[in-house]
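4 protein chains.
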Amino acid sequence: MKTIERPLVILNFKCYRESIGSNAVKLAKIAEKVAEDTGLTIIVAPISVDLKSVVSEVSIPVFAQHIDPVNMGSFTGHIPPEAVKEIGVTGTLINHSERRLLLADIDASVSRAKEVGLYSCVCTNNSSVSVAASGLEPTMVAVEPPELIGSGKSVSKTKPEVVTSTVESIRKVNDKVIILCGAGITTGDDVRAALKLGTAGVLLASALTKAADPAKVLRDLANGAK
Amino acid sequence: MKTIERPLVILNFKCYRESIGSNAVKLAKIAEKVAEDTGLTIIVAPISVDLKSVVSEVSIPVFAQHIDPVNMGSFTGHIPPEAVKEIGVTGTLINHSERRLLLADIDASVSRAKEVGLYSCVCTNNSSVSVAASGLEPTMVAVEPPELIGSGKSVSKTKPEVVTSTVESIRKVNDKVIILCGAGITTGDDVRAALKLGTAGVLLASALTKAADPAKVLRDLANGAK
Amino acid sequence: MKTIERPLVILNFKCYRESIGSNAVKLAKIAEKVAEDTGLTIIVAPISVDLKSVVSEVSIPVFAQHIDPVNMGSFTGHIPPEAVKEIGVTGTLINHSERRLLLADIDASVSRAKEVGLYSCVCTNNSSVSVAASGLEPTMVAVEPPELIGSGKSVSKTKPEVVTSTVESIRKVNDKVIILCGAGITTGDDVRAALKLGTAGVLLASALTKAADPAKVLRDLANGAK
Amino acid sequence: MKTIERPLVILNFKCYRESIGSNAVKLAKIAEKVAEDTGLTIIVAPISVDLKSVVSEVSIPVFAQHIDPVNMGSFTGHIPPEAVKEIGVTGTLINHSERRLLLADIDASVSRAKEVGLYSCVCTNNSSVSVAASGLEPTMVAVEPPELIGSGKSVSKTKPEVVTSTVESIRKVNDKVIILCGAGITTGDDVRAALKLGTAGVLLASALTKAADPAKVLRDLANGAK
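Going down the list, the protein sequences come from chains H, W, B and A. For the first sequence, the residue numbers in numbering that gives the first Met the number 0 are 0 to 225. For the second sequence, the residue numbers in numbering that gives the first Met the number 0 are 0 to 225. For the third sequence, the residue numbers in numbering that gives the first Met the number 0 are 0 to 225. For the fourth sequence, the residue numbers in numbering that gives the first Met the number 0 are 0 to 225.
Since the hints were derived computationally from the structure, they do not count as laboratory data. What you are looking at is a predicted structure, and each value in this text was computed from that prediction instead of being measured. Do not take every clue at face value.
It does not matter which identical chain is meant; a pair holds if it fits inside one copy or across any two.
What the hints assert, rightly or not - Listed next, the in silico DMTMM-like pairs over lysine to aspartate or glutamate satisfying Cα-Cα at most 25 angstroms (straight line):
#1 Lys113 with Glu160
#2 Lys175 with Glu136
#3 Lys84 with Glu56
#4 Lys158 with Glu114
#5 Lys209 with Glu85
#6 Lys171 with Glu136
#7 Lys158 with Asp104
#8 Lys152 with Asp212
#9 Lys113 with Glu17
Just need the whole structure built from these sequences, with the hints factored in.
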């Protein structure tokens with residue numbers, strides 16, 4: 000796998016009307032354009048149903064929102080890591096606060112991601128869980144205080160101490176994992192603050208998907224990342 | 000929604016190597032051909048990632064293996080019913096033994112399926128759970144004793160009493176729901192037995208996906224359904 | 000098992016400070032006294048840790064808040080039905096909205112309760128789930144709209160149509176199961192309304208556990224049940 | 000909390016017939032006697048229903064098999080940490096392989112245990128999950144390969160490399176957490192091997208609960224711990 004250039008922004012498309020189906024492709028193309036124009040690494044994460052059409056339409060990295068810690072075989076309603084890898088997906092979110100997993104399954108998901116060649120980004124809710132997640136050696140850990148998700152109040156400006164303590168605590172035990180933060184990230188200023196606190200980037204959703212002008216939002220984020 | 004003609008066969012593609020990615024499309028086309036040749040209603044159920052490509056390549060009904068009981072919105076790693084409906088999917092399995100759900104979520108999934116215009120097939124493990132499921136008024140209930148799934152020993156011949164008691168118990172309280180059975184279904188004889196016991200069809204997976212000649216298996220099933 | 004006299008009131012002690020430990024015994028004794036004085040059937044449901052001490056101190060029926068659908072054996076952190084039966088517990092709540100279960104596990108819990116001689120009360124969130132639950136043939140079904148739980152606004156007065164439709168829908172398919180309602184039940188008037196709507200009693204928690212004078216609350220409830 | 004003397008043995012009573020109800024008290028007394036005679040630290044972990052009677056009959060430490068990561072309040076079918084602390088319980092298992100938890104809930108359980116003054120022992124299935132668990136700073140981490148649980152083949156003799164790699168990996172990032180191992184531990188030799196591999200003790204269940212002479216088994220274990 001080629002390395003992921005930092006700083007980086009992961010756009011979680013979630014299940015919003017504005018970012019599923021044909022809207023997912025449209026939004027991914029806007030992200031691709033801004034990525035090309037600004038040099039910022041932008042990763043998009045559409046729902047499983049849309050992965051293939053998004054991957055086939057853009058050249059920026061595409062992440063799944065979730066994979067299941069299974070091999071190919073007798074599983075119904077699961078997403079085997081091989082299935083997303085084979086269509087050109089680059090990585091996956093794991094354990095998002097809206098899709099919490101058993102610790103043993105997070106471990107197995109990170110392992111399976113590595114096996115098939117997918118980047119893994121384990122989402123966490125606080126500093127101690129972030130340290131735990133980094134013990135599983137995923138590609139990235141993204142700390143997101145649940146109470147700020149979708150709030151419009153950015154973690155990097157509202158709860159900088161959560162980000163700082165996460166970065167410090169992880170770095171005591173793991174110097175490789177890429178650290179991100181998320182929750183309430185809306186503007187370039189939020190990104191700037193996040194990078195200043197020692198992260199390599201941010202994860203965001205509604206600020207983009209609900210924006211009247213997504214390209215403008217992305218350009219502002221890119222500005223903050225300079 | 001147009002009515003689903005009976006008898007019917009649902010092919011659960013699960014996560015088998017032989018029925019994901021490009022293999023999913025191939026297998027769906029074989030099923031389509033046999034459906035056209037024999038008049039049997041054949042429904043295919045690929046993984047979420049493959050739904051769109053399968054739907055775009057065949058005209059037989061395509062089911063999801065799972066939907067989440069959510070609306071569009073702030074959900075990560077979920078499958079909103081609208082997303083599968085909008086790409087042309089016809090229905091969905093719910094509560095497969097490999098993807099068991101909370102009772103409240105089965106109810107919400109059946110309701111959401113109705114709202115968006117998807118058929119629902121609730122899978123169950125015995126007669127009493129089948130009666131419970133039929134109380135939620137899904138389109139179909141499919142009883143599948145877990146111990147026979149993937150065993151090659153068909154429920155209709157090995158445990159006919161499970162099928163009979165399920166049909167009788169459901170019919171006391173619900174005369175509309177379509178009743179199917181599954182687990183170990185392999186041959187036309189198994190289908191014939193299932194229909195004789197009062198079901199409208201069968202659900203199967205490995206007997207097809209693991210077959211050297213899937214078309215042959217499907218023709219045999221169609222023969223049994225005559 | 001001797002029959003449970005109706006009308007009846009189930010007092011769910013939950014995990015409130017006011018109804019765990021020695022408070023659980025105190026509250027159960029108050030309930031016992033009011034039951035003796037008024038003739039109302041009052042059932043108390045303390046946490047698992049307190050079951051034994053409550054059972055040994057009162058003669059009114061004691062329910063568990065939850066049992067696990069397991070046999071005795073290699074299970075850690077579970078509550079085997081035998082264990083609660085053997086200390087003198089009379090029955091159990093199953094699938095409370097704060098402890099939702101898989102449909103297959105509700106079925107197995109109801110079956111295990113029957114096997115060991117425990118009454119079962121399956122909690123549900125609406126009319127269709129109530130019909131489903133009644134298909135499992137528990138002793139009781141208690142419908143509790145989650146949004147009213149702990150609200151102080153009683154289901155029987157605020158959403159009587161939920162109770163009515165639940166009673167009607169269940170009675171079409173099951174004439175034996177005891178039907179209760181809960182959520183927001185606070186006063187004798189709420190009980191009176193619940194019985195008038197066709198239920199055999201109510202389930203309540205905070206209105207009792209948070210009361211300055213629990214005996215007074217219970218006497219009022221008993222008045223409503225006359 | 001007074002420190003727990005090492006080496007130590009945790010006896011998980013699980014839900015075995017031989018170790019619930021009055022048998023739990025009997026077995027705990029045998030453990031107490033051997034602990035007094037040999038000086039070995041023996042901890043017993045009965046089901047929640049039996050905690051109070053065991054605590055009141057023995058003076059050795061008693062652990063819960065599970066606590067829920069909740070405060071006192073509106074929770075049904077849960078075990079609030081305060082409730083077990085207040086009856087004299089000393090600590091708790093968390094995330095046993097038969098009771099796997101969400102990562103966020105393990106973190107919250109460890110935090111709640113600390114808040115109320117309970118020791119915590121997080122069970123894990125392999126080396127990387129053990130490192131993750133140690134990041135949450137529980138009192139103990141106990142690695143137990145699930146495939147060996149109840150097998151009679153001890154992890155310390157059959158898979159010593161799992162124990163060694165767990166000890167080494169944890170010690171790189173955490174020098175305080177007490178490390179245990181479990182699964183298949185049966186004899187004093189198994190304990191000796193476990194201690195030699197760098198653990199502070201073992202966790203076992205069936206080898207004791209299913210023994211014809213539990214005292215003899217415990218004396219043998221104590222011998223191995225010398």
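Alpha-carbon proximity between lysine 209 and glutamate 85, which holds within one copy, between copies, both or neither at 25 angstroms: Close across copies (20 angstroms), not inside one copy (31 angstroms); limit 25 angstroms.
Within, between, both or neither, where lysine 84 and glutamate 56 count as close if Cα-Cα is 25 angstroms or less: For lysine 84 and glutamate 56, the Cα distance is within 25 angstroms both inside one copy (16 angstroms) and across copies (22 angstroms).
Homomeric proximity label, lysine 175 with glutamate 136: Cα distance no greater than 25 angstroms: both (8 angstroms within a copy, 21 angstroms between copies)
Copy assignment of lysine 152 with aspartate 212, given that the CA separation must stay at most 25 angstroms: For lysine 152 and aspartate 212, the Cα distance is within 25 angstroms only inside one copy (19 angstroms; across copies 44 angstroms).
Status of aspartate 104 relative to lysine 158 across identical chains (alpha carbons, at most 25 angstroms): between (29 angstroms within a copy, 22 angstroms between copies)
Intra- versus inter-copy proximity for glutamate 17 and lysine 113 (alpha-carbon distance at most 25 angstroms): between (31 angstroms within a copy, 22 angstroms between copies)
Up to 25 angstroms CA-CA - glutamate 160 versus lysine 113, copy category: between (31 angstroms within a copy, 22 angstroms between copies)
Intra- versus inter-subunit Cα pairing at 25 angstroms for lysine 171 with glutamate 136: Both: 14 angstroms inside a copy, 14 angstroms across copies.
Alpha-carbon proximity between lysine 158 and glutamate 114, which holds within one copy, between copies, both or neither at 25 angstroms: between (36 angstroms within a copy, 23 angstroms between copies)
The earlier numbered hints are all upheld by this structure, with none contradicted.
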